[in-house]
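Colleague: Take a look at the letters that make up each chain.
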Amino acid sequence: MTESWTVTEQWAAFAAGLWTQPVPPATFAAARGLFADVLGVAVGNAAGPACDAVVGAVTAMGLSGTSPVPGRHERLPPVWAALVGGTAAGGRAAPVVAASLTSAELVGASRDDLLVGLICGIELSDRLERGLTEAHQRRGWDVTGTVGHVGAAAAAATLLGLPEPEWCNALAIAATQAAGHLAQAGTMALSVHSGKAASDAVEAALLAEGGFTGPRTAIDGPRGLAAILTEDADLPALVRDLGVVWATDRAPAARPDDFTRRVGPVLGDRADALWDAATGADGSVPVGSIFALSRSTSHSTSKVR
Amino acid sequence: MISADFAAALAGLRDGGVSGAVRDETVRSIVNVVGTSIGAARSTGVDIIVDTATRHGGAGAVPVPGRAERIDPTSAALATGTAAHMDDFDDTHLATIVHPAAAVFAASIPLLAERPVSGSRFVTAVALGMETELRFAMAMTPWHYDVGWHITGTVGALGAAVTCGLLLGFDDTTLARSLDIASGMPLGHREGFGTMLKPFHPGKAAVNGLLAARLAQQGCTASGSAFEDRHGYFATLSTEFAQERLTDGLGNRWEVCENTYKPFPCGIVSHPAIEAAERLHQGLAGREPVEIRVVCHPLVVDLTGNPAPHDGLSARFSTIHGVAAGLATGVVGLPEYAADYVLRADVAALRARTKLVPSAAIARDSARVEVAFADGDTESAEIAHARGSRARPMTDGELDDKVTRLIDRTLPGRAGQVLALTRGIDELADCRDFLAGVTAGADD
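Protein chains in written order, with the numbering used here: chain B, 1 to 305; chain U, 1 to 444.
Hints are computed from structural coordinates only; laboratory data are not their basis. The structure presented is a predicted model; accordingly, all values stated were derived computationally and were not measured. None of the hints are false.
Covered by chain B, per the in silico footprint, the following chain U stretches (three or more residues, Cβ under 8 Å):
| # | region |
| --- | --- |
| 1 | 45-58 |
| 2 | 70-80 |
| 3 | 139-149 |
| 4 | 181-187 |
| 5 | 198-205 |
| 6 | 210-223 |
| 7 | 233-240 |
Partial pick of chain B residues on the chain U-facing surface, computed with a CB cut under 7 Å:
| # | residue |
| --- | --- |
| 8 | 57 |
| 9 | 60 |
| 10 | 64 |
| 11 | 184 |
| 12 | 188 |
| 13 | 224 |
The beta carbon of each residue, even a glycine, is placed where N, CA and C say it ideally should be.
With these hints in hand, go ahead and build the complete structure from the sequences.
Modeller: Take a look at the structure:
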């Protein structure tokens, strides 16, 4: 890694290294907990009004596909499945987790593969949040929507196994779409910001895989994301100690009782099976089967329109 | 409440439909965007979007102008809007530098494909969508663009949401909520200029506008003060904003009527010099110029001063290339910005003999080109107001010529039929006939 590389290029090298150099076991364990926590929120909200509106909108636009949605029975194109998943999931990690789920399922990845993408996305979105500093949030940006675009694209591009040029292009395609403002607090539109971040990120990775291009200076260029979204960027924070300290380590440990409280009303006794798949020792479980476990056997909790 | 007031004003304008100069300029905008989107329909970037749709977009039956495939609705909008802006040959609202037609036209495609929509209703929806883009852009100009935003992308979703909402027959409150939701979906950093991301911006703005309208229709809630809130659209996107410009004279004075159309596929400051060079082409009569002087506004040197471009993209930022092409070929269009043309030895030789002579006495839409020959003879041509400027708008005939050349790239022999259909779109009973007419057949 050299100092003349752009931020995106340094991040791409970090992402590629995650497949070859093992992530510390404690970080991996923290990632399992974070994954389970956000998955639980997504399943718990899957039949809520915001998700119903989003699924209704996607269906009304005339879209259908084969990608699953956490906690629901509809199958949608991956870009739009990620929109629903990201809307359902809550918290700063929602876009990364939703994009990881959709991308991992698309390529037939295992849970532990998904966690590699998730760790990458959490790392880079967390660094971007700190690099944009308080000045970014003071303006009114919804950080979940803005940095979520970038973290989710890093996760999706990593899980699709994009080579370096395409990985950088994916990041650029997502970065130019970073958006969401806090005037929407208290409305469904706020939840849609994290859905959009996941959706735009999955689209960015798929377009980049097909050859679509963007600038390698998308983050640190003179008219790039950092220059536009904050008056007070801390660019060194974006890459300092990358691969040495891990943002995922700071995730609060997931609590099975919280998970059960959220997921139990939807899945009943099967909540335990989903928890085990998300957090258990067997990391080879396919992400597709985690989706299958997230769906209720009774149709009563998941309205089909 | 900005969105509620704006939507109510739009609803009043919708009910009467647009007529006269507003309708005429909207139809001209549609003619231009039909040309640019068909002209770039088979460019690499659009191929990638259509291929990605085919692999991942699911089933779909929506056409893309200039192409034969039928794909999913949102990918069709994305492909159309991206094609429309691909060659930088768009319409331009000079005060804001917005290219307003791409996003609203592209967002309409899926809705026109799925239901019968009359041509007059479509024209009204496009007019009001473009007016929305331009009004919100005026309110943030120049601060927002100066920050680094590509304004065509950031206001595009608002216009597209309005156009879609009108095509879907929304009431005032649902139309306002479409705007509120779209306010959280702006995109476009100028860092992407020179890559496929620039044309992607209006394409994705079209999708975001369509999504915002459909979310509003499905009951998605949003802040009613999403624009003026201290943490809202204007606060995040611009250092200052002039709210009065949103509605001042709305319905009487139309920003849509200020729309212009590029005669050449490159930066607008180059246009008068290129036009002067085109005029000199015949007078050269095969003689070799020894010196070419371009007397121009000083901004030309700053913005498009590249003397030795090496490919199509860098040539777009070279007034000297445009002048050399005008002298060499007589007509400057997309072929004169293809890499093989830019690298031609005779064109490079002409460029090497061309120099820019900036003059504070020359207006931005003016230029003079002076050519000296070996025998001491000279020729010169002066353009007082460039074709396509506000002082000398493209005539319908000039616009048709431009669009014909664009359509011929992709759908050879179809330009006359496409133009007749588009010029008469206001009279169409069902815009599906328009879509069928601008799409490639199996044998194209």
